[in-house]
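Chain B: place on chain A using the hints.
The primary structure of each chain is shown beneath.
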Amino acid sequence: MNRYRWRTSLLEVVMVLAGLVFVSPIYILFNVAVKPRDDQTGPLRPTVHPTFSNFGDALTGAHLVNAVVNTATVVVVSLIVLIGAASLAGYAIARLTSTWSKAAYLAFLLGLLLPFQLATVPLYQAMRAAGLLGSVWGLVIFYSAQLMPFSVFLYVNFIRALPTGFEEAAQIDGAGPVSTFFRIVFPMMRAVTGTVVILNTINIWNDFFTPRLYLSGGDLQTITVSLYSYVGQYGSDWPLIFGGLILASIPILVLFLILQRYVIKGFAGGLKG
Amino acid sequence: MTGKTRRRRAVVPLWFLLPGIVIYGAVVLLPSVIGSGYALTDATTGDAGTFIGLANFRTIFSSTDTVGPLIQTLVMAAAVMVLQNVLGLLLAVALNSRIRSRNWLRVLFFAPFVVSPLVSGYLWKYLLDPDGAVNQALSAIGLGSLRQPWLGEPRLALFSLIVAVVWQFTGSTMVIYLAGLQGVPQDVVEAASIDGAGAVRRFFSVVRPFLAPAFMVNLTLSLIAGLRLYDQIVAMTNGGPGGSTDSLSTVIYRTSFEFGEFGLGSAMAVVLTVLVILLSLVQYLGLRKQARA
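Going down the list, the sequences are from chains A and B.
When the count follows my numbering, it moves up by one through the first sequence with no breaks and lands on 274 for the last residue.
When the count follows my numbering, it moves up by one through the second sequence with no breaks and lands on 301 for the last residue.
Since the hints were made in silico from the structure, they are not lab data.
Idealized CB from N, CA, C, for every residue including glycine.
Just so you know, not all the hints are guaranteed correct.
[Claimed, not checked] Estimated spans, in silico, between C-beta atoms of each pair: (1) A:Asn-204 with B:Val-115: 16 to 26 Å; (2) A:Thr-74 with B:Arg-110: 34 to 44 Å; (3) B:Leu-164 with A:Gly-85: 46 to 56 Å; (4) B:Val-196 with A:His-50: 56 to 66 Å; (5) B:Gly-294 with A:Val-77: 36 to 46 Å; (6) B:Arg-296 with A:Ala-170: 32 to 42 Å; (7) B:Val-94 with A:Leu-11: 13 to 23 Å; (8) A:Asn-204 with B:Glu-266: 18 to 28 Å.
[Unchecked claim] One-sided excerpt, in silico: chain B residues whose CB lies under 10 Å from chain A: (9) Phe-211; (10) Tyr-238; (11) Ser-257; (12) Ile-260; (13) Ser-274.
If we strip away everything but chain A, and leave its shape as in the complex, we get (with noise of 0.2 Å):
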């Protein structure tokens, strides 16, 4: 059964033209987009000659730049703080055994199921009262803590199957608890440090509620809302709108492709647990 038969070539066919209907909405995106204005082909013909303008005049239309050096910051720093105090609450979580711990863990676990909007308001009037809506530090606040359980779940499962007999050497060789965990410990988890950066900056990059909620009346944007506002000025044309949507998702599409094995392993590998 492990042989290339003419069974395995009909399923091939079937499937490459599964993915061909599947990829044609891109496709179709792609080809709206340097369609020129007097090109009155459809969607799906091919474009013969190609255009860039509707890049150029969606990037300065929407201020793109700004608003993707924005999502970048949020991300930068949402990561940082996602990435410190995750990995030591997970790891503490997977070794220790007092009731603490316990009890930590099923708070986080708890805040997988907790939708966001139950913290909405009370959240939204905290940061009215501290000055953070319209800046990018409330977003930081917002998703360092709202994408924390996840993190922490994914540091749990990877250093439970973690050894530990590289910790237990070090402290008799007489390192301290803290030197330990940044010189020990947090080197060997590499691989799951990748999936909380890879899941989180998918995650944070394409959010459109928060932002929409916490930049609103503001000038700062977030490369979402950004686009929600350019859509909402340019209602149909479409062109116009499909170079933002590309340019946008360029840079998370072009980081997926390059790092396609590590973002398929480490989403299926993280959550199998």
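Just chain B now, kept in the frame of chain A:
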């Protein structure tokens, strides 16, 4: 136990928990508790409101403006969960074969997952336009009679939304099933094959038990994601036509931040929370029982 065989365990201080718990507790747990409290008041944007007991919940369950979205949320979540898992599992089985394009196809089917739901929503809005690509393609292959106002008619709009969501997330479901399938020992499958079990029989009797953890993860994730749908709806229909594609999430946002009714909006968030926790718990217990049987 003698001193020789006993190993000294590494010391892990309890305060390692502190940074994570403090951030999470202050920004998620505490506001969630306060938010649940708001659900019992008539608070608005500018007013802390007074205690009104369960009146908000009576409003939610008696008004068609909220019962409709509640039912639509359940329909969307159930449909997304079933379709995404059936298709994801089929794709995983197909790509776990010997076909040469399997690595390419794996990347291709997973790719929409990394695109923003807002972007994918706009793309589908365009595709499903009355003059959009889907209707044009139908005409082109001689099925012009099947052209539909995909987003303009209540039932169709709900269906179209489900298709767009399933398109975006089936690849991620597939990847988890693939990881599960790769953990199935091949010699066991071959032994069953030699004993005369056909492909379908092999799948249900031999392979399926190994997939129990993958089923658990996928069904739970897709259920929770389906119950929380928001971005795609805003991009594709904004709840229309006539509220027929509103979900609890879109109604919560509108109630709290467009109408400024913090109390009622928070009560809706409580309903959503109870739904998510209750349904995923029921599902978890059901699947665990099945895995044991």
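Hints versus structure:
no., hint, verdict
1, A:Asn-204 with B:Val-115: 16 to 26 Å, "holds (20 Å)"
2, A:Thr-74 with B:Arg-110: 34 to 44 Å, "holds (39 Å)"
3, B:Leu-164 with A:Gly-85: 46 to 56 Å, "holds (48 Å)"
4, B:Val-196 with A:His-50: 56 to 66 Å, "holds (58 Å)"
5, B:Gly-294 with A:Val-77: 36 to 46 Å, "holds (41 Å)"
6, B:Arg-296 with A:Ala-170: 32 to 42 Å, "holds (38 Å)"
7, B:Val-94 with A:Leu-11: 13 to 23 Å, "holds (21 Å)"
8, A:Asn-204 with B:Glu-266: 18 to 28 Å, "holds (25 Å)"
9, Phe-211, "violated (13 Å)"
10, Tyr-238, "holds (5 Å)"
11, Ser-257, "holds (7 Å)"
12, Ile-260, "holds (5 Å)"
13, Ser-274, "holds (5 Å)"
Hint check: a violation occurs at hint 9 only; the rest are consistent with the structure.
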